[in-house]
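The listed protein sequences correspond, in order, to chains G and V. Just so you know, we're using my numbering here: the first sequence kicks off at 230 and counts up by one. Just so you know, we're using my numbering here: the second sequence kicks off at 162 and counts up by one.
In case anyone wonders, no lab produced these hints; they're calculated from the structure. Any given hint could turn out to be false.
Unchecked claim - Within a straight-line C-alpha distance of at most 30 Å, the following computed DSSO-like cross-link-like pairs (lysine-lysine) qualify:
no.: 1; chain 1: G; residue 1: Lys-502; chain 2: V; residue 2: Lys-523
no.: 2; chain 1: G; residue 1: Lys-502; chain 2: V; residue 2: Lys-525
no.: 3; chain 1: G; residue 1: Lys-502; chain 2: V; residue 2: Lys-551
no.: 4; chain 1: V; residue 1: Lys-433; chain 2: G; residue 2: Lys-314
no.: 5; chain 1: G; residue 1: Lys-502; chain 2: V; residue 2: Lys-433
Said to hold, decoys possible - Coverage of chain V stretches by chain G, computed from C-beta distances (three or more under 8 Å per stretch; other residues unrestricted):
no.: 6; segment: 337-351
no.: 7; segment: 521-530
no.: 8; segment: 573-585
no.: 9; segment: 648-654
Heads up, the beta-carbon is just placed ideally off N, CA and C, and yes, glycines get one too.
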Amino acid sequence: MRIAFLLFLVLPAALGCVQQIPPAAESAAPETQKKEKLCRITGRTVHALTGEPVPRVRLILRRVVMDSRNLGAVSDAEGRFVIEKVEPGMYYLLADRSGFLRRAYSSRGSGYSPTPLNLTANQEVDDLRFQLMPQGVITGKVLDEEGEPVQEASINVFRQVYAGGRGRTPGASGESTNDVGEYRAANLAPGRYIVQAAAEYDFRSEETTKPKKDEVRESYVPTFYPGVTDPASAATVEVGPGQEVSGINITLRKSRVYIISGKVIGATASELKMMNVSVRSREHRMRPMVSSYVSPRVNPDSSFTLANVQPGSYNIVLMLGEGGRPQVVGRTTVDVAEADVEGVILQVGQGVVLSGLVRLEGKEKAEVHGLRLTLRPVEDGEPFPYTAIVKEDGTFRIEGVMPDRYSVAVYDLPEGAYLKSVRFGNHEAPDKSVDLSQTQGSGSIELILSPYAGTVEGLVSDDGKPAPGSSVLLVPDPPKPEEPYKWKWVNCDQNGWFEIKGVVPGEYKLYASKESLSGADEDPEALKPFEEKAVKVTVAERGRERVEIELAKSGDAQTP
Amino acid sequence: MHTPSLLLLVLSAALACAQQPPPAAESAAYETQKKEKLCRITGRTLHSQTGEPVRKVKLILHQMRMESKSYSAVSDAEGKFSIDDIEPGTYQLTAERAGFLRQSYGSRRYGFSGTALTLMTGQELKDLEFKLMPQGVITGKVLDEEGEPVRGAFINVTRQVQSGGGRGAGMGGEQANDVGDYRVADLAPGRYIVQANPTPDFWGRQEGVEKSDEVREAHVPTFYPGVTDAASASAVEVGPGQEVSGINITLRKSRVYRVSGSVSGATAGQLKMMNLSLSPRDRKAMVMFFGGGGARANADGTFTIGKVQPGSYNLSLMLRGDGRPQVVGRAPVDVGEADVEGVVVRVSQGLTLNGFVRVEGKEKIEIHGVRLMLRPTEGIGFGMQNAMVKEDGTFRMDGVMPDRYSIGTYNLPEGTYLKSVRFGNQDAPDKSVDLSQAQGSTSIELVLSPNAGTVEGLVTDDEKPAQGISVLLMPDPPIADDPSQTKWANTDQNGRFSIKGVAPGDYKLYASAESLTDVLQDPDALRPFEEKAVKVTVSEKGREQKELTLLKPEDARPK
Numbered sequence: 230m231r232i233a234f235l236l237f238l239v240l241p242a243a244l245g246c247v248q249q250i251p252p253a254a255e256s257a258a259p260e261t262q263k264k265e266k267l268c269r270i271t272g273r274t275v276h277a278l279t280g281e282p283v284p285r286v287r288l289i290l291r292r293v294v295m296d297s298r299n300l301g302a303v304s305d306a307e308g309r310f311v312i313e314k315v316e317p318g319m320y321y322l323l324a325d326r327s328g329f330l331r332r333a334y335s336s337r338g339s340g341y342s343p344t345p346l347n348l349t350a351n352q353e354v355d356d357l358r359f360q361l362m363p364q365g366v367i368t369g370k371v372l373d374e375e376g377e378p379v380q381e382a383s384i385n386v387f388r389q390v391y392a393g394g395r396g397r398t399p400g401a402s403g404e405s406t407n408d409v410g411e412y413r414a415a416n417l418a419p420g421r422y423i424v425q426a427a428a429e430y431d432f433r434s435e436e437t438t439k440p441k442k443d444e445v446r447e448s449y450v451p452t453f454y455p456g457v458t459d460p461a462s463a464a465t466v467e468v469g470p471g472q473e474v475s476g477i478n479i480t481l482r483k484s485r486v487y488i489i490s491g492k493v494i495g496a497t498a499s500e501l502k503m504m505n506v507s508v509r510s511r512e513h514r515m516r517p518m519v520s521s522y523v524s525p526r527v528n529p530d531s532s533f534t535l536a537n538v539q540p541g542s543y544n545i546v547l548m549l550g551e552g553g554r555p556q557v558v559g560r561t562t563v564d565v566a567e568a569d570v571e572g573v574i575l576q577v578g579q580g581v582v583l584s585g586l587v588r589l590e591g592k593e594k595a596e597v598h599g600l601r602l603t604l605r606p607v608e609d610g611e612p613f614p615y616t617a618i619v620k621e622d623g624t625f626r627i628e629g630v631m632p633d634r635y636s637v638a639v640y641d642l643p644e645g646a647y648l649k650s651v652r653f654g655n656h657e658a659p660d661k662s663v664d665l666s667q668t669q670g671s672g673s674i675e676l677i678l679s680p681y682a683g684t685v686e687g688l689v690s691d692d693g694k695p696a697p698g699s700s701v702l703l704v705p706d707p708p709k710p711e712e713p714y715k716w717k718w719v720n721c722d723q724n725g726w727f728e729i730k731g732v733v734p735g736e737y738k739l740y741a742s743k744e745s746l747s748g749a750d751e752d753p754e755a756l757k758p759f760e761e762k763a764v765k766v767t768v769a770e771r772g773r774e775r776v777e778i779e780l781a782k783s784g785d786a787q788t789p
Numbered sequence: 162m163h164t165p166s167l168l169l170l171v172l173s174a175a176l177a178c179a180q181q182p183p184p185a186a187e188s189a190a191y192e193t194q195k196k197e198k199l200c201r202i203t204g205r206t207l208h209s210q211t212g213e214p215v216r217k218v219k220l221i222l223h224q225m226r227m228e229s230k231s232y233s234a235v236s237d238a239e240g241k242f243s244i245d246d247i248e249p250g251t252y253q254l255t256a257e258r259a260g261f262l263r264q265s266y267g268s269r270r271y272g273f274s275g276t277a278l279t280l281m282t283g284q285e286l287k288d289l290e291f292k293l294m295p296q297g298v299i300t301g302k303v304l305d306e307e308g309e310p311v312r313g314a315f316i317n318v319t320r321q322v323q324s325g326g327g328r329g330a331g332m333g334g335e336q337a338n339d340v341g342d343y344r345v346a347d348l349a350p351g352r353y354i355v356q357a358n359p360t361p362d363f364w365g366r367q368e369g370v371e372k373s374d375e376v377r378e379a380h381v382p383t384f385y386p387g388v389t390d391a392a393s394a395s396a397v398e399v400g401p402g403q404e405v406s407g408i409n410i411t412l413r414k415s416r417v418y419r420v421s422g423s424v425s426g427a428t429a430g431q432l433k434m435m436n437l438s439l440s441p442r443d444r445k446a447m448v449m450f451f452g453g454g455g456a457r458a459n460a461d462g463t464f465t466i467g468k469v470q471p472g473s474y475n476l477s478l479m480l481r482g483d484g485r486p487q488v489v490g491r492a493p494v495d496v497g498e499a500d501v502e503g504v505v506v507r508v509s510q511g512l513t514l515n516g517f518v519r520v521e522g523k524e525k526i527e528i529h530g531v532r533l534m535l536r537p538t539e540g541i542g543f544g545m546q547n548a549m550v551k552e553d554g555t556f557r558m559d560g561v562m563p564d565r566y567s568i569g570t571y572n573l574p575e576g577t578y579l580k581s582v583r584f585g586n587q588d589a590p591d592k593s594v595d596l597s598q599a600q601g602s603t604s605i606e607l608v609l610s611p612n613a614g615t616v617e618g619l620v621t622d623d624e625k626p627a628q629g630i631s632v633l634l635m636p637d638p639p640i641a642d643d644p645s646q647t648k649w650a651n652t653d654q655n656g657r658f659s660i661k662g663v664a665p666g667d668y669k670l671y672a673s674a675e676s677l678t679d680v681l682q683d684p685d686a687l688r689p690f691e692e693k694a695v696k697v698t699v700s701e702k703g704r705e706q707k708e709l710t711l712l713k714p715e716d717a718r719p720k
C-alpha cells in the first residue's frame with residue numbers, strides 16, 4: 230500500500246524534475262483575448278506493435294511545469310480523441326489504459342523519452358499518433374532455503390540500460406510478495422531486467438539473539454534472481470513487448486550477520502525513552518528499496534544493540550522521536566568486517582542551529598519566499614537531507630544539524646535565477662558546500678542568488694533530420710559530486726528543439742540520446758556510450774548559447 | 162488505504178500509551194540474584210482445526226511495557242518450543258507462520274487481544290498449547306461497467322462484529338494489481354464486507370474538459386457485489402483456513418460534483434505551497450473514506466476539486482512547509498445535488514496555545530514526556546495537534562485552528578489521571594476546550610491527580626476463568642466517540658485483569674471475545690450489550706474488584 234503511494238510520488242516527481250522547460254510565456258491577457266488563443270489536439274491511440282486502434286484510453290494533458298489544471302479525454306472505439314480549449318504552453322500528453330505501459334507521448338514511438346508538446350496561440354496539433362506499448366510483466370515466487378514461501382519480501386526490478394554496459398535503472402519497485410510468496414511486477418517496457426528480492430530488515434535484537442560466544446548468526450540478505458547476492462552474477466530476464474514472463478523464482482540467501490552494540494551518552498532518562506537507533510548503509514549504489522526497516526529502541530540503561538547487520542560500512546544514527554518527526558541527535562560511522570562491533574559510543578549532540586538569509590543579487594525586494602533548500606552531507610549515506618523553506622523576509626532556520634560537511638541546493642528558483650554563491654561565516658564557501666564539522670552552537674549562512682543564469686538551446690538531429698523527443702543532458706565539465714544541482718535534463722519538443730534555462734555559468738558538456746538519460750548522475754558509466762557525440766559548451770552570465778547536436782548511435786540498446 | 166492505517170496508528174499509539182505496567186524494580190542486589198529468578202516457557206504449536214503440530218513457527222514474547230524486552234524461539238518438527246532466561250514480568254506471546262493468522266496466545270481474534278502471561282520470580286510455564294488458526298483469504302477482481310479490469314483499485318475489507326451491532330474494523334487493505342486481481346489474506350474466520358475504491362488519477366488530478374451543464378459521473382467506492390450502500394452489501398463468509406475466490410466487484414458510477422472557490426489572505430509565495438483537502442465531517446464515514454477530494458491552489462488563489470460525492474465535508478487548507486503540512490484554514494462544505502461554487506477559505510494564523518501541566522498534591526512526580534493530543538470534536542484527520550510536556554511542566558502548540566477540541570493524554574505517570582482542564586479561568590466541561598472564538602494566543606492548564614483508581618477482577622465463561630478476553634472500561638454515559646476515554650486490559654492465563662490509572666467516576670465494564678481493534682474502532686459494536694455490562698463506580702485511590710462473565714452473541718439486545 231505504502232508502496233503504491235511511494236511510486237505515485239516518485240513517478241510524477243521524476244517526470245517533474247526531468248523536465249525543466251518553463252511554460253511558454255503567459256501574458257496577463259484579459260479573459261476576452263484568452264479565448265481566441267486556445268489550442269486543440271486531436272489524434273489516435275494505436276497499438277505500438279499492430280497499429281490497431283486502442284479504444285477507451287484515458288488521456289491527460291498536463292503542463293510540463295505542473296499545476297492543478299490538467300485536461301483530459303477518453304479515446305473512442307476507433308481510438309480517436311480530441312482535447313480542446315487548451316491554453317498555449319508546454320505540455321505532456323499522458324496515456325492510461327490497463328494492459329499498456331503508462332507513458333507520456335513520444336514522437337519516436339512508445340518506450341522513448343517523452344516529447345513535450347509546445348503549443349503556441351491558436352495552434353492545432355492534428356492526427357497525433359499515440360503509440361501504446363503493451364506492458365511486460367514478470368511474475369514469480371520468493372522462497373526460503375527450504376523452498377517455503379516468504380511473504381512481504383520487497384521486489385526490485387532493475388532494467389539493464391545498454392548492451393554490454395553495467396548501467397541499470399530501476400524498472401519497477403515497490404512490489405512485494407503476498408502471503409504465499411508470489412510477486413507480480415507489471416508495467417515493464419520491453420528490455421532486459423534483473424530482479425532482486427529482500428526480506429524485511431529487522432535490526433532489533435531479542436534477548437535470545439544477544440551475543441553469545443562463538444555463535445554463528447545468519448540472516449537473509451537481498452538476493453538476485455535466481456539466488457545470488459552479487460548483481461554481476463544475476464541472471465537477466467528478457468521481457469518482450471507485452472510478454473508475461475513467469476516462474477522467476479528467487480531463493481533468498483543467508484549470509485553471516487553481526488551485532489553492533491554500544492552506549493548512548495548525554496541523554497536524560499526521559500529522552501532515552503524516546504530514542505531509537507537506526508542503521509544506514511554508506512554504500513548507496515544498488516541498495517535495495519526495502520519496504521521496512523525496523524529499528525531498535527535505546528534501552529533504559531542507555532545501551533543499544535543492533536542485530537542482523539551484514540558486513541559493510543554504516544552510519545549509525547540516533548533519533549529522538551517527538552511528535553512524529555524524529556530528529557537526528559547523534560551519529561557515528563561503523564565498519565563491520567568479520568566480527569561483532571562492541572563499545573560504539575553515540576554522543577547526543579545538540580546539533581548546530583543554522584540561520585540563513587537568501588537574497589537575489591541586485592534586487593532589494595525579491596520573491597524568495599517559499600524557496601525550498603536542502604543540506605545534504607557531501608559524503609553519501611544520509612538519505613534524508615535537512616530541508617528548510619525560505620520565509621517571507623528571506624530568512625530560514627534549520628535546527629539540530631549534525632556536524633558534517635554539507636552541500637547546499639535551492640529548489641523552485643524564480644525563472645532565470647541560479648544559486649551563485651554560499652557565504653558561511655564571512656567566507657565564500659567553496660563548491661557551495663558548508664563545513665559544519667567544527668561548528669558549535671549556531672552558525673549563519675547567506676545564499677546569494679543571481680538573476681543572470683544562462684540559457685542553452687538548440688536542435689538535436691539524427692541523420693540530418695530534427696529528432697523530436699530526444700533526451701538532452703547538460704553536465705558540468707568535469708562533473709563534481711558537490712554540484713548535483715548543475716545537471717539539467719530536458720526533452721526536445723515535437724520539432725527537435727530544446728531550451729535549458731537557469732544554467733549556472735561555467736563549462737559544460739551536452740549529451741543527446743534517443744532514450745532517457747535520467748539516472749546518469751547515479752552511474753558514471755551511463756554516459757560513456759554518448760561521449761563521442763557530446764558537445765562542449767561554455768555558458769556566461771546571461772549568455773544564450775545555441776548548440777546543434779547529433780544523436781549518439783552507440784547508445785541505442787533499446788528496441789523500439 | 163492511508164486512512165485506515167492512520168486510524169490504526171492513532172489507535173495503536175493510544176493503546177501503547179495506555180498500557181503502563183511498572184518496570185520491575187531494578188537494584189544492585191537484584192542483579193546478583195537475577196539468574197535464579199529467571200523464568201521459562203515451554204509449549205507446542207498446534208493446528209487449531211486438526212490438532213497436528215505446526216513446525217517452524219516463529220514465537221515472540223514481548224514484555225508489555227514501552228521499553229520492552231523481547232525473546233524469540235522457533236518451534237521444531239514436533240511443534241515444540243522453549244523460551245529460557247526470561248525476566249519476571251507480564252508478557253504477550255505472538256506467533257508467525259506463513260499460512261496462519263498472526264496471532265497472540267489465547268486470542269480468539271486477530272488484533273491486540275491475547276492472554277497476558279504473568280511470570281512470577283522463577284516461574285516455569287509448561288506445556289503451553291498455542292493453537293494456530295489457519296488464515297482465511299478473499300480473492301477477486303475489480304471490473305468496470307464494461308467488464309474490463311480496473312487496475313490499482315484499493316480494497317478495504319471490514320469484519321462484521323459478532324453481535325451484528327456494528328461494522329467492525331477495517332482489516333486492512335490491498336491494492337488490485339494491473340489486471341484487476343486482488344487478494345486479501347490473514348483473515349480470521351468471520352463475515353466480511355469488501356469494498357473497492359477507484360484508483361486516484363495516476364497522472365495527477367484531472368479537471369477534464371467539462372461543460373458547465375454536463376452530467377458528470379465517476380467511479381465511486383463500491384461494495385461487493387456492486388452496491389454503493391454499505392447496508393446492501395453482501396457479506397462474505399470466510400471459514401477457518403478458507404480461501405474464498407471470485408469476489409468480483411463491479412465499480413459503480415455515480416453523479417459527482419465540483420467544489421470550487423478561492424483562498425483569501427495568502428501571499429503569492431504561500432499559494433505555491435497550498436493544498437486543499439476534503440474530509441467527511443462524520444467521523445464514522447471516515448473509516449470508509451478514501452483519498453481523493455483534493456487540489457492544489459492555483460497561482461491566482463482559486464481552486465477546483467472535482468469528483469466529489471454528495472455529503473458533508475470539512476475543507477482543510479494546508480500549507481506545505483518543512484515536514485508535516487500544517488492546517489491554516491478550514492471551511493465546512495455541504496455538497497447536495499449541484500456543484501458548489503464560491504467557497505472562500507480564509508488563511509488564519511492559528512492560535513498559540515500555551516499550556517501548563519501540574520500535579521495535585523505534594524508528591525513530586527515527573528511529568529516530562531507526557532504527551533498531549535488535541536482532537537477536533539468533529540471530523541478527523543487534518544486537525545490533530547501534538548505536544549510533549551517539557552521538564553518545567555509547560556507545553557506549547559502553534560498554529561491551532563479555531564475549533565472545539567477534546568484533549569487526550571498519553572504516557573501519564575503511573576497512578577495519575579487528567580483531573581481537570583482549566584481554560585479561561587473555568588473548568589472545561591468534558592475536558593474539551595472551545596477555541597472557536599479564541600484569537601492570538603491563549604493559555605490552558607491541565608491538572609493531573611495522583612489519586613487514580615484501579616479496576617481489577619476475574620472474567621469467567623461457563624464458570625471457568627476465561628483467558629485472553631478484552632476487558633473494556635467505558636465512561637457511563639459514554640463521552641462522544643473518543644477512544645482515548647476508554648481503558649482496557651486483557652485477561653491473563655488465570656482469567657484476571659487489572660486496569661490502572663482510572664479517573665474517579667461511573668463506568669461500565671464489558672468482557673468481550675472480540676478483538677480490541679474491532680471494538681475500539683467501532684463504537685457501535687458494544688452498544689447491544691449495554692444492559693449486560695457491569696456498572697462500576699471508582700473513587701479516588703479506589704480499588705474495585707469485579708467479576709464479569711464473558712459476553713455472548715445471545716446477550717445482545719435484540720435490534
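Tested hints:
no. : hint                    : in the structure
1   : G:Lys-502 <-> V:Lys-523 : 26 Å, holds
2   : G:Lys-502 <-> V:Lys-525 : 20 Å, holds
3   : G:Lys-502 <-> V:Lys-551 : 14 Å, holds
4   : V:Lys-433 <-> G:Lys-314 : 25 Å, holds
5   : G:Lys-502 <-> V:Lys-433 : 39 Å, violated
6   : 337-351                 : holds (count 7)
7   : 521-530                 : holds (count 3)
8   : 573-585                 : violated (count 0)
9   : 648-654                 : violated (count 0)
The structure shown violates the earlier hints numbered 5, 8, 9.
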